[in-house]
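Participant: The residues making up each chain are set out below.
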Amino acid sequence: MASLRDIRNRIGSVKNTRQITRAMKLVSSAKLNRATQAATSARPFQQALERTLKRVVAAGGEGLDHPLLRQPEVQAEVLVVIMTADRGLCGNFNAIINRNTQIEIDKLVAAGKNVRIVCYGKKGRQHFARRSYTIADAVIDLNPRNYPEIADALSVRLQRELAEDTFSEAYLAYNRYRSVLSQEPTFLQLLPMKLHDANQASAQTSGDDGGATEDFIFEPDASSLMARLLPMSLRTQLFQALLETQAGEQAKRMTAMDAATRNASDLISRLTLEYNRARQAAITKELIEIVSGAEAL
Amino acid sequence: MSLSVQIVTPAAVAWQGTVDEVQAPGLNGEFGALEGHALLLSATRAGVVTLHQKGGLTRFLVGRGFAEVSSSSVTLLVDLCEPHSAVDKAAAAKALADATNRLTAAAPDSVEWLEAQAAVELATARIDA
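Chains A and B supply the protein sequences, listed in that same order.
Take 1 as the starting number for the first sequence in this note's numbering and just add one per residue.
Take 1001 as the starting number for the second sequence in this note's numbering and just add one per residue.
No lab work stands behind these hints, which were simulated from the structure alone.
Note that the Cβ used here is the ideal one computed from N, Cα and C, for glycine as well.
Only true hints are included.
Stretch-level coverage of chain B by chain A, calculated; a stretch enters the list once three of its residues show a Cβ under 8 Å from a Cβ in chain A:
hint: 1; segment: 1011–1023
hint: 2; segment: 1037–1045
hint: 3; segment: 1063–1070
hint: 4; segment: 1111–1117
Pairwise CB distance ranges, derived in the manner of DEER restraints:
hint: 5; chain 1: B; residue 1: Ser-1085; chain 2: A; residue 2: Lys-15; range: 49 to 59 Å
hint: 6; chain 1: A; residue 1: Ser-41; chain 2: B; residue 2: Thr-1058; range: 19 to 29 Å
hint: 7; chain 1: A; residue 1: Ala-111; chain 2: B; residue 2: Asp-1109; range: 24 to 34 Å
hint: 8; chain 1: B; residue 1: Asp-1098; chain 2: A; residue 2: Ala-95; range: 42 to 52 Å
hint: 9; chain 1: B; residue 1: Ser-1085; chain 2: A; residue 2: Ile-103; range: 50 to 60 Å
hint: 10; chain 1: B; residue 1: Ser-1110; chain 2: A; residue 2: Pro-72; range: 11 to 21 Å
hint: 11; chain 1: A; residue 1: Gln-19; chain 2: B; residue 2: Trp-1113; range: 47 to 57 Å
hint: 12; chain 1: B; residue 1: Ser-1085; chain 2: A; residue 2: Asp-165; range: 38 to 48 Å
This is chain A alone, in the form it adopts within the complex (with noise of 0.2 Å):
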């Protein structure tokens, strides 16, 4: 059996690291605030711009032609953005992408393609370079703060690449945000862009929104306003898409760090319980020695 001091400084090691949970699921707790506040604000413009987009669609039809849009006659080179937190301590949110976009991965290379990745946030990279998948590079240390710029150099890179050939379909995995407690790994499909998404959201909406087949004056014309908006949106994906993995990231820490903090609770009431038995069996232990002892004289 444990020795009191042993239990004691148990005790003692266990109140610290509840201590450090508690402080950790508070300040998560802020940052989830933070994160939740920003992605509600940053809907509006995101909605607008799918709105934008779809009455230039349903105007333009199918004749629009733009870079962004093209399928590529050889698809052999694929790029895999994924983004993942910086630190672990958040439950299984890093573990669930990872896993999730390997087997993606797995699937793409099955199919003959050459796949590259690129990382956003150490966790990702930690993950495929120790399984040694090829990865072209990888951003990390990232702060909330400068997502909008992070954005925009990934959007132009994408974008350079694609005209450069050297890659000819980019994926994008990350956690969607459904709530604090749950979150959903996402592959999806950046470039080429898919517009008949659109057109069937276009198709189903159209009823109360009404305005897709309303006719518009286009101020140029459609095809160079699709121009301006395609990028637009590359970029406003992107963007959600940081938003997103970071409040996951902080809604699954705060869950994490409120469970640890309850389980060394358990363990504090537990492990008390314990020393005040040992105490009690030790008082009187030596109680039985001092009578016997008295006895015996």
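Since the structure of chain A is already known, use the hints to place chain B on it.
Facilitator: Just chain B now, kept in the frame of chain A:
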């Protein structure tokens, strides 16, 4: 006579409210919109948006984007939006020089070139604001 106006940037809704008239920098020149305007979807340059209200004028410097005009509302989708009074012309002059350098260095029609062009446009708009 009123138009509901929203100026939306990627980060947030920068301004919304009701105005009498909007003037925005369209790609093909400045345009004004009053209530009852025809449906219009226009690309906009970086420049100054002027909102006419009862109390006077409110002016914003906006980045590139789009304007969606209907008979009762105007939505401006722009890269950035800052109050006219917050425009830093000295910084803009520096940015203009820098962007011009990048523009001359980049190959025409490359992504960098387009990006530098946008930066030149924004810096010029700030200086002219």
